[in-house]
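Trainee: Chain by chain, the residues:
Number of protein chains: 2
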Amino acid sequence: MTLNEVMELVKDDVKKVEEELLKNLDSEVQMVNEVASYVFKSGGKRLRPIFLILSSKIAGYEGERAIVLSGVVEYIHTATLLHDDVIDGAKYRRGRKSANNVFGNDITVLCGDFLYSRAFVNLVKDGDSDVQMILANAAKTMSEGEVFQLVKTANFDLTMEDYLKIIYCKTAVLFSSCCEIGAVLAKASLEERENLKEFGRLVGIAFQMSDDILDYLGDEKKTGKKPGTDLKEGKMTLPLLLLRDIATKEEKKRLHEIILDENHNDENLNYIIDLLHKYDIKQKAEDFVDNFINDAKIKLDIFPDSKYKEALLFLSEYVIKRDR
Amino acid sequence: MTLNEVMELVKDDVKKVEEELLKNLDSEVQMVNEVASYVFKSGGKRLRPIFLILSSKIAGYEGERAIVLSGVVEYIHTATLLHDDVIDGAKYRRGRKSANNVFGNDITVLCGDFLYSRAFVNLVKDGDSDVQMILANAAKTMSEGEVFQLVKTANFDLTMEDYLKIIYCKTAVLFSSCCEIGAVLAKASLEERENLKEFGRLVGIAFQMSDDILDYLGDEKKTGKKPGTDLKEGKMTLPLLLLRDIATKEEKKRLHEIILDENHNDENLNYIIDLLHKYDIKQKAEDFVDNFINDAKIKLDIFPDSKYKEALLFLSEYVIKRDR
Numbered sequence: 018m019t020l021n022e023v024m025e026l027v028k029d030d031v032k033k034v035e036e037e038l039l040k041n042l043d044s045e046v047q048m049v050n051e052v053a054s055y056v057f058k059s060g061g062k063r064l065r066p067i068f069l070i071l072s073s074k075i076a077g078y079e080g081e082r083a084i085v086l087s088g089v090v091e092y093i094h095t096a097t098l099l100h101d102d103v104i105d106g107a108k109y110r111r112g113r114k115s116a117n118n119v120f121g122n123d124i125t126v127l128c129g130d131f132l133y134s135r136a137f138v139n140l141v142k143d144g145d146s147d148v149q150m151i152l153a154n155a156a157k158t159m160s161e162g163e164v165f166q167l168v169k170t171a172n173f174d175l176t177m178e179d180y181l182k183i184i185y186c187k188t189a190v191l192f193s194s195c196c197e198i199g200a201v202l203a204k205a206s207l208e209e210r211e212n213l214k215e216f217g218r219l220v221g222i223a224f225q226m227s228d229d230i231l232d233y234l235g236d237e238k239k240t241g242k243k244p245g246t247d248l249k250e251g252k253m254t255l256p257l258l259l260l261r262d263i264a265t266k267e268e269k270k271r272l273h274e275i276i277l278d279e280n281h282n283d284e285n286l287n288y289i290i291d292l293l294h295k296y297d298i299k300q301k302a303e304d305f306v307d308n309f310i311n312d313a314k315i316k317l318d319i320f321p322d323s324k325y326k327e328a329l330l331f332l333s334e335y336v337i338k339r340d341r
Numbered sequence: 018m019t020l021n022e023v024m025e026l027v028k029d030d031v032k033k034v035e036e037e038l039l040k041n042l043d044s045e046v047q048m049v050n051e052v053a054s055y056v057f058k059s060g061g062k063r064l065r066p067i068f069l070i071l072s073s074k075i076a077g078y079e080g081e082r083a084i085v086l087s088g089v090v091e092y093i094h095t096a097t098l099l100h101d102d103v104i105d106g107a108k109y110r111r112g113r114k115s116a117n118n119v120f121g122n123d124i125t126v127l128c129g130d131f132l133y134s135r136a137f138v139n140l141v142k143d144g145d146s147d148v149q150m151i152l153a154n155a156a157k158t159m160s161e162g163e164v165f166q167l168v169k170t171a172n173f174d175l176t177m178e179d180y181l182k183i184i185y186c187k188t189a190v191l192f193s194s195c196c197e198i199g200a201v202l203a204k205a206s207l208e209e210r211e212n213l214k215e216f217g218r219l220v221g222i223a224f225q226m227s228d229d230i231l232d233y234l235g236d237e238k239k240t241g242k243k244p245g246t247d248l249k250e251g252k253m254t255l256p257l258l259l260l261r262d263i264a265t266k267e268e269k270k271r272l273h274e275i276i277l278d279e280n281h282n283d284e285n286l287n288y289i290i291d292l293l294h295k296y297d298i299k300q301k302a303e304d305f306v307d308n309f310i311n312d313a314k315i316k317l318d319i320f321p322d323s324k325y326k327e328a329l330l331f332l333s334e335y336v337i338k339r340d341r
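Heads up: the sequence lines are chains A and B, in that order.
Residue numbering for the first sequence follows the numbering used here, beginning at 18 and increasing consecutively.
Residue numbering for the second sequence follows the numbering used here, beginning at 18 and increasing consecutively.
Since no wrong hints were added, every one of them can be taken at face value.
Given that identical chains are not distinguished, each listed pair holds provided it fits within a single copy or across any two copies.
Derived lysine-lysine pairs resembling PhoX-like cross-links, with alpha carbons at most 25 Å apart:
#1 Lys182 <-> Lys301
#2 Lys182 <-> Lys40
#3 Lys204 <-> Lys142
#4 Lys238 <-> Lys249
#5 Lys249 <-> Lys299
#6 Lys324 <-> Lys314
#7 Lys62 <-> Lys114
Note that these hints are calculated values from the structure, not bench results.
Fair warning: this is a prediction, and the values are worked out from it, not measured in the lab.
Chain A extracted, bound-state conformation (with noise of 0.2 Å):
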């Protein structure tokens, strides 16, 4: 299968996922509006719906449910990268100004609340208390390791299981939900639930993972996006934790330094990447990437061959691959 094909299999949901988004944009308060359908129109690949409907469908659903509860992820996923971008400071999002750089930090705080509350009033409407208690655990974990990743900024030490958690908690358990949700969509068997939501929490490790590479060994062309961001974060990712297992005690030393250091200066990225050059983290960082999508894919195996199931293994790899 090839990305096209993909495109074309789930383009008519996409779109209508795209018009529940803004759909339900109708709060009294313009300026809510405003700032939502902002957010809403620049852009966003829409993975997690993506995931959703053909997770629905690889088991066998087909109907609106689908449009309205991708519609609730997305709107979770939005209101976390509002807040996150707050937290963050960040200046930009896939290219555009960033919400709380065009509209300022306290819009965009309320205007997460408002998307949160959104999706929530959604949930209720559609009234399956499976789905609805995947998605408030799922609100909960995200919150959870949005604090962790906090308490462990520029934590030098931080273990490969600190890691784990941390993007399971703000990407693996969306994708794991959604996946989750299109089994409850179906009615499937236990066994097909349960692979689902691994499927999904297992594809959104080795995504996360493959942007904490992107981050430091991307090309910027490719990306869109500065190198170096999560380094400038104090965040401690895949990259940064293999060289550091490998380093001599030396670059070991500096290594350390730099993670401590709040003066980021192009030296200090740019000795990171020449170490993890020389030590090719590029590939050892990309095994332990397709392990996770390998293991994915079996997951699986336990539902018949279709189109679909052809897309979501098409889709775990390129959620990887896309600009290595």
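For this one, chain A is given, so just place chain B on it according to the hints.
Mentor: Below, chain B alone, put in the same frame as chain A:
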């Protein structure tokens, strides 16, 4: 009835609510529990739980759901306080350092999100779609209202209608929801439910208005708050609205300049306070508030006499008169 008698009546339930609030702080991320318990242990009058519980009892309900849902409401309320304090840059809350002052803005925003999601988890567990819809809509209204208030900052021409909308969103909708939830728990008639909902709305509006009066004219020793906070934040509230509409042309011009002035000095504040005294605005504003409370009390006429009804009637007076 006296305040002591009311407190005696709800004492056991309030104790259970306190336990409920702390019981759910079971995050694996210790910092989350730390921030939340800092906030809950710093007190608060638990007015919303008390209104919820008494409303359920006046309509004939006895049971544990009132405790759980009181916890949910207090989580939502606290989440909004945390976000508000970040947005207003508040240094103190309830006579102690505010959470943002102790833990920083980042963690405080995220702990607000955590409390929202914790409320959401417990609401889903409770499983009552009527209650869920009431609180989902309340959360939406509250976030919209905060944005609306920000948009209207330093707007000297704010209408009374806009002011009422703001205080409905920031305070009254949650009071209203508490009283309505009481009715839902008791499986009250539609008329009883509407009346309790309206009772809560009117009390909530009066409560916020009283707070707004105290912000200019309260006794710092009794309120524990420095006067003039609203003025600093560019909020047009009841005393200023009434003053604006009664002042001479020259006074009005000066008032307008003060509202736009970002250098907040005591001279400006004292000028306003002198004018408030000159035009006897305190009395006028209190008459305004009393009208809302009188309307509120009438809403309880349809309920048979009981100690719970007496307590609600007492509290509706108490919340507006506590520091007059």
